[in-house]
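Position chain B against the provided structure of chain A, taking the given hints into account.
Note that the protein sequences, when read in sequence, are chains A and B.
Quick note on numbering that gives the first Met the number 0: the first sequence kicks off at 0 and runs consecutively.
Quick note on numbering that gives the first Met the number 0: the second sequence kicks off at 0 and runs consecutively.
These aren't lab readings, by the way, just hints derived from the structure by calculation.
Because the structure is a prediction, the values reported are computed rather than measured.
Glycine residues also receive a C-beta, built at the ideal position from the N, C-alpha and C atoms.
Some clues are possibly wrong.
Heads up, simulated DSBU-like pairs for lysine-lysine below, C-alpha to C-alpha not over 30 Å straight-line [to be verified]:
1. B:K154 x B:K223
2. A:K357 x B:K179
3. B:K200 x B:K225
4. B:K88 x B:K226
5. B:K154 x B:K200
6. B:K179 x B:K88
7. B:K154 x A:K357
8. A:K271 x A:K281
9. B:K194 x B:K177
10. A:K271 x A:K293
11. B:K200 x B:K177
12. B:K168 x A:K357
13. A:K357 x B:K194
14. B:K225 x B:K154
15. A:K159 x A:K204
16. A:K159 x A:K175
17. A:K357 x B:K177
18. A:K357 x B:K169
19. A:K357 x B:K188
20. B:K223 x B:K169
21. B:K194 x B:K225
Cβ-to-Cβ under 10 Å is the rule here; a few derived chain A residues that face chain B [to be verified]:
22. T3
23. R4
24. A8
25. L10
26. R16
27. D19
28. I23
29. G332
30. E334
31. L340
32. E342
Each chain, written out:
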Amino acid sequence: MEPTRNSHATLVDLLDRVLDKGLIIHADLIVSVAGVPLIGVNLRAALAGMETMLRYGLMRDWDEEIRTRESEYRREQKSSLVSGEEIITEMLGSYHCSEGIYAVWRTGRFLLTDKRLILYHTSFEEVLFETALDEIMGLALENELHFTGKPRENLNLLLKCGNIVRLHARDTLGLKEALEQGLISLGVCWEEIPNLNLHDDNTAKFLLDGEEVMYCGGIWHQIPSRGILAESWKPGHLYLTSRRLCWWYDFEEMIGFETPLNCITGSMTEIKELGTALKRGKALDVVYIGERGKEVASFSGDNLADWERALNEASSRRDCALTGEMETCPRCGREAESSGLLERGCNYCAWISPRTMKKELVTGIEVG
Amino acid sequence: MKIKSLEPQYTNEAAINLGAEAAVEKGRYLYCVADARERLSLGTIGIEGSEVYTVSCGDICAVVHECPAQPYESTDREVVESWVIIHQKVVDVAWERWGTVLPMSFDTIIKGESGESAQQNVRDWLKEEYTVLKSRMDKMRGKAEYGVQVFWDPKLVAENLVQTSPEIKKLDEEIRSKSKGLAYMYRQKLENVMKHEMEAKADEWFKDFYGRIREIADDIRVEKTKKAAQGLQMMMNLSCLVCTDRYAELGEELDKIDRTEGFSVRFTGPWPPYSFAGNA
Numbered sequence: 000m001e002p003t004r005n006s007h008a009t010l011v012d013l014l015d016r017v018l019d020k021g022l023i024i025h026a027d028l029i030v031s032v033a034g035v036p037l038i039g040v041n042l043r044a045a046l047a048g049m050e051t052m053l054r055y056g057l058m059r060d061w062d063e064e065i066r067t068r069e070s071e072y073r074r075e076q077k078s079s080l081v082s083g084e085e086i087i088t089e090m091l092g093s094y095h096c097s098e099g100i101y102a103v104w105r106t107g108r109f110l111l112t113d114k115r116l117i118l119y120h121t122s123f124e125e126v127l128f129e130t131a132l133d134e135i136m137g138l139a140l141e142n143e144l145h146f147t148g149k150p151r152e153n154l155n156l157l158l159k160c161g162n163i164v165r166l167h168a169r170d171t172l173g174l175k176e177a178l179e180q181g182l183i184s185l186g187v188c189w190e191e192i193p194n195l196n197l198h199d200d201n202t203a204k205f206l207l208d209g210e211e212v213m214y215c216g217g218i219w220h221q222i223p224s225r226g227i228l229a230e231s232w233k234p235g236h237l238y239l240t241s242r243r244l245c246w247w248y249d250f251e252e253m254i255g256f257e258t259p260l261n262c263i264t265g266s267m268t269e270i271k272e273l274g275t276a277l278k279r280g281k282a283l284d285v286v287y288i289g290e291r292g293k294e295v296a297s298f299s300g301d302n303l304a305d306w307e308r309a310l311n312e313a314s315s316r317r318d319c320a321l322t323g324e325m326e327t328c329p330r331c332g333r334e335a336e337s338s339g340l341l342e343r344g345c346n347y348c349a350w351i352s353p354r355t356m357k358k359e360l361v362t363g364i365e366v367g
Numbered sequence: 000m001k002i003k004s005l006e007p008q009y010t011n012e013a014a015i016n017l018g019a020e021a022a023v024e025k026g027r028y029l030y031c032v033a034d035a036r037e038r039l040s041l042g043t044i045g046i047e048g049s050e051v052y053t054v055s056c057g058d059i060c061a062v063v064h065e066c067p068a069q070p071y072e073s074t075d076r077e078v079v080e081s082w083v084i085i086h087q088k089v090v091d092v093a094w095e096r097w098g099t100v101l102p103m104s105f106d107t108i109i110k111g112e113s114g115e116s117a118q119q120n121v122r123d124w125l126k127e128e129y130t131v132l133k134s135r136m137d138k139m140r141g142k143a144e145y146g147v148q149v150f151w152d153p154k155l156v157a158e159n160l161v162q163t164s165p166e167i168k169k170l171d172e173e174i175r176s177k178s179k180g181l182a183y184m185y186r187q188k189l190e191n192v193m194k195h196e197m198e199a200k201a202d203e204w205f206k207d208f209y210g211r212i213r214e215i216a217d218d219i220r221v222e223k224t225k226k227a228a229q230g231l232q233m234m235m236n237l238s239c240l241v242c243t244d245r246y247a248e249l250g251e252e253l254d255k256i257d258r259t260e261g262f263s264v265r266f267t268g269p270w271p272p273y274s275f276a277g278n279a
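One chain only, chain A, in its complex shape (with noise of 0.2 Å):
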């Protein structure tokens, strides 16, 4: 066999050569590099890998490049802005945007406006995270270790859908100051909640030896009365595990409900005042033999719905272990009964048998 170079056909490896390899001159005596970053965005982006970049510390140069764009942004437009809206502080800053397997400090500008707060991406123009202010219900200061070695201050945010979003800002402090004028003159209230732990696996202090979590997700949840204290609405996690379904209370850190599925009785969704956090709106009750008989408790946030269906297929899969009929899921191998798994598809891991994908599409054109 002889090698070609061909120039047409190996054009490919020559880019990969030429671009990525080569010898290396430390960056303080050439140009290519300092003070103009885009280099490697305008020619290697369409042409090679990041590896170069990251070689010459191009990244490091990239943030900086960002930072002295702040001043020339200052004085533009800021577009978004509903009318009447005034700024109250800008700064630039982050915000952990996670979703899924993804998770990344988005960096931007943000806008402390008089009703919202706002991180704004100036050069491609557009909003990574938004909240109105009276979303905001908590705030919490967090010591992190940030992954150059330095410890930084990041903010936690609390809002009523129950989520937390974790921020950072240049001047973090700074941030949370005016987040709390801008609180205060709306006239909202907000807890300010001292040490808030997310990084902790919670599942870790109370899962039990070969208990599995099969559906978790932040939601509220109602707390009943204790003595002198009324009952009130915290923001936790729910678990529904192999053996139970378990509420984690976040602040407290512990276990603020718990019933072993076969507890469980039924339950239904309704609308029913949630108190002065977060107003009416619908909850989940789940209904389950207690201490004293049936009881009921009851939970509040974004995704009643799929929370529901997950306990009803918690409960027909009890049923069905009765009578035999269990699958594995061809994907991640859990268990399932298995005329569920073939007509609605696997609760983990989202696989949908073809035979019912292309029925879904069939009749998903004819309802189309």
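Same frame as chain A, but now just chain B:
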């Protein structure tokens, strides 16, 4: 690129001063370092027709052209490609002439700084790095880089696996005995097992091929595999540093791999040692 032009009405003195300033701002685009003490011009063969010449220090030299202290940049793919091709042509000319070169990455431009001209900075750099550059060139002498990419046809290999793996054979038979719905599920299960087996096989073959190529090559860099066309998959992507008198041997070995059912080999080169010029 903008080139500053001097306005004619300047006095001589001012023009000289400006000229001196402009000289400091200039840079030198580096193509490669060569194993030669010659000081000469290679002609106007550089990027955008620039004159390419050597800057020497002792018995090594840098092949450069004069340019503003600004990187070449463009969002036009064709423009970048044409620059890269010219970069390579210049390196080729130097390589042919002097036999041993250390090629630079595209867009390596040494700038003038703190009163030193760019030319002087190139010379200083050669001087400072002399031992490293020299020893690296010694390592490259009489050798060239070759690209070896091994592709396989996953379909062919999979068919083969169904015949040979007992686990897969059993699953394959089970599918036939199941109801239509369950058969779908078993087919997906089968796919998972196949994927595992294929990965294990790929690993095995990789080790085998790598071992055989390692015997012949002086040095190897394992590169990331890339997407391939026509239903093929790249399972191995190597840059090999090979003595010029052994490349035929490598070709023979690759022929053997190429003849294996389900496999094909892409063999490119000889390239200047781009993959080996950097960090050892």
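Hint check, failures only: Per hint list: 6, 20, 30 violated.
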